[in-house]
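Heads up: the sequence shown begins at 165 in the numbering used here, then just goes up one per residue.
No lab work stands behind these hints, which were simulated from the structure alone.
All the pointers check out, no bait thrown in.
Mimicking DSSO-like on lysine-lysine, the simulated pairs with C-alpha atoms at most 27 Å apart in a straight line are:
id : residue 1 : residue 2
1  : Lys349    : Lys268
2  : Lys239    : Lys189
3  : Lys372    : Lys239
4  : Lys384    : Lys372
5  : Lys372    : Lys349
6  : Lys211    : Lys372
7  : Lys189    : Lys211
8  : Lys384    : Lys354
9  : Lys274    : Lys189
10 : Lys274    : Lys187
11 : Lys268    : Lys187
12 : Lys211    : Lys268
13 : Lys239    : Lys211
14 : Lys189    : Lys268
15 : Lys187    : Lys211
16 : Lys372    : Lys354
17 : Lys274    : Lys239
18 : Lys349    : Lys384
19 : Lys274    : Lys211
20 : Lys239    : Lys268
21 : Lys187    : Lys239
Pair ranges (Cβ atoms, derived):
id : residue 1 : residue 2 : range
22 : Glu344    : Ala186    : 41 to 49 Å
23 : His374    : Asn284    : 30 to 38 Å
24 : Gln182    : Asp223    : 19 to 27 Å
25 : Met271    : Gln337    : 40 to 48 Å
26 : Lys187    : Lys349    : 34 to 42 Å
27 : Pro208    : Gly285    : 20 to 28 Å
28 : Gly285    : Val330    : 30 to 38 Å
29 : Glu277    : Asp223    : 25 to 33 Å
These numbers were taken from a predicted model, which means no experiment stands behind them.
Just so it is clear, CB atoms sit at the ideal spot from N, CA and C, and this is done for glycine as well.
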Amino acid sequence: MITVAVVEDDARIRRTVQEVLAKAKDCRCVAAFSNGSTAAEELPALKPDVILMDINLPDISGVECVAQISPQLPKSEIIMLTVFQDPDTIFQALAAGAHGYLVKPVMPSKLLEAIREIRNGGVPMSPSIARNVIDYFRRAGSAQAAPESAVATPLSEVDPEKNDSVLGPREQQVVEALVEGYSYKEIAGKLDISIWTVATYVRRIYEKLHVCSRREIIAKVSIKK
Numbered sequence: 165m166i167t168v169a170v171v172e173d174d175a176r177i178r179r180t181v182q183e184v185l186a187k188a189k190d191c192r193c194v195a196a197f198s199n200g201s202t203a204a205e206e207l208p209a210l211k212p213d214v215i216l217m218d219i220n221l222p223d224i225s226g227v228e229c230v231a232q233i234s235p236q237l238p239k240s241e242i243i244m245l246t247v248f249q250d251p252d253t254i255f256q257a258l259a260a261g262a263h264g265y266l267v268k269p270v271m272p273s274k275l276l277e278a279i280r281e282i283r284n285g286g287v288p289m290s291p292s293i294a295r296n297v298i299d300y301f302r303r304a305g306s307a308q309a310a311p312e313s314a315v316a317t318p319l320s321e322v323d324p325e326k327n328d329s330v331l332g333p334r335e336q337q338v339v340e341a342l343v344e345g346y347s348y349k350e351i352a353g354k355l356d357i358s359i360w361t362v363a364t365y366v367r368r369i370y371e372k373l374h375v376c377s378r379r380e381i382i383a384k385v386s387i388k389k
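With the hints as extra help, turn the sequences into a complete structure.
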């Protein structure tokens, strides 16, 4: 049986997903949450095989929830199940640790197909999301005529400093932009780098500062000031 947890604030959608899972012979819903904070607290102990995660939650966002739980649940697969399909949100979710991305509404058969696919090593995505991702990599692949800084940078090359507890100059710029409220897309434009490189910087910043969200970064910066 594939154990599944649902994080969805809309009670009607949450019940519908639970009913779909209950009718499936190979899936079992082990928990359903209406907010991200409770989910972040309880999911690590449940260790579900698959987590269906909404983004627009009433407390912390689904992206922040994914960033908190993914390091604690390396064997759990996370599928974003949301209405948001702008490139910035997509890459924030994937950078935080999501493995799939489906746009609501999703037919029951497609939802179950995605759950099975991700357990078999696949990356389920709605067609519109897959197109966004493909378009991004096409642009990155044609960056021969673009400045080197616009190409996605491997994690190992992001910070040349050997001391992993110290933020490099570029990382400090990203932190400042995050504190000022810029989106990933806006930061990419501001620093003349790709959105994927921004996501890589943010992941490294999270590791160095021991935080899991933009809000925690702002709190740390405020404390230091």
